[in-house]
Amino acid sequence: MKNIKGMMFVLMIFSLLLGACGTVSSDSSNAEPEKASGIIPIYTPGTGGIAYTISAGIGSIFNSNKVMEDVQLVTEATSGGAEIINMVLDKSTQGKTAIGFNSIVDVSKSYDGTYDKIPGEQKNLRAISYVTYTAAQVVTNEKSGIKSYEDLRGKTLGLPPGSATEGIVKALLKDGYGIDESEYKVVPLEYSEIAEGIKDGSIDAGPQLGAIPASLLTELSTSTDLTYLSIDNDAQKKFLDANPYYSVYEVPAGTYEGQDQPFIAPSMDVVAFTHEDADPDLVYNFLKTIVDYQEDIAAIHPVAKELNESTIAKGIDIMPLHEGAEKFYSEMGISIANAE
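Numbering (mature numbering (1 follows the signal peptide of the UniProt record, and there is no 0)), first residue to last: -31 to -1, 1 to 309.
It is worth saying that the hints were derived from the structure and are not from the lab.
You may find that some hints are simply not true.
No farther apart than 20 angstroms at their CA atoms in a straight line, the calculated lysine-lysine pairs in the PhoX-like style are these [what the hints assert, rightly or not]: (1) Lys35 with Lys4; (2) Lys65 with Lys139; (3) Lys168 with Lys154; (4) Lys92 with Lys65.
Simulated restraints on C-beta separations [as the list claims (entries may be wrong)]: (5) Met301 with Gly170: 49 to 57 angstroms; (6) Gly82 with Pro157: 19 to 27 angstroms; (7) Ser151 with Gly89: 23 to 31 angstroms; (8) Glu152 with Asp81: 23 to 31 angstroms; (9) Ser29 with Glu292: 20 to 28 angstroms; (10) Lys92 with Thr125: 20 to 28 angstroms; (11) Lys4 with Met56: 30 to 38 angstroms; (12) Ser151 with Gly82: 20 to 28 angstroms; (13) Ser6 with Lys154: 45 to 53 angstroms.
Glycine included, C-beta positions come from ideal geometry on N, C-alpha and C.
Please construct the entire structure, taking both the sequences and the accompanying hints into account.
Shown next as structure tokens:
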């Protein structure tokens, strides 16, 4: 009797183990990425920036031409930087598709695990395309007496908290000019608040981010006498040597009212990215829209004409491509390494 009970117990355990194995096998099967449908967000920095403008334009072209019948691309403004990356990562955990437009520096550092605002390596991030460049144009009220970046020691700067702009300005001051964060005061402000603060004198200096010309800076220059801070040659070399992902941009004289001389501003590229489980068809058709509707893309903003088949893959070898992007570039014969 004891032997019979023992055999029954063994059979029961064996049966449970088989069931468990079956369950593991089912869960570990390679599931297809969920097909995108409904509203798909593109997360960008604030509404006054070039990334938002280009994203909204691409979305409008995509939607009006019904590139994907069941999908609407909708641009959502954020505070930029870490928030954009976190929102894309949140969609990844939900199994939903999303695209982010963000600084190449923040995205690449987040992937590598060296981004101080998001702990750990984010190896599920995937590159899609180059989008545009953006320059952090630091200005002061002429009444402040500030003439150069060197003069910012002991001064009050307005900076958008957690943004790529905050990162690039702090890197320029530290690596280009040897000015530590403890040597100036930072007030967390959005771009419109920075413009207002410079106008009324409540802050000494601050950046406006965007392609040239930056709309808020254009507006500010019509009401306030400004000094446009320019990076000198020595500081430029130190800054770029320490920060190879960054670049500089010369803003031509006459771009803004009262700007009689060109000035050198720190700049960076903006890229489109997503997560590895995003719908490949959505990513593919996002890129196809940019190339197929080139005239419409160029009409979004003067700088958008620089987003084309020759530049679309610029700099995106910072991390693995999304499979939808891989398919598109392969079909187009676009080499990532040789992108201009």
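Exercise. Okay, which hints does this one fail, numbers in order?
Worked result: 2, 10 and 11
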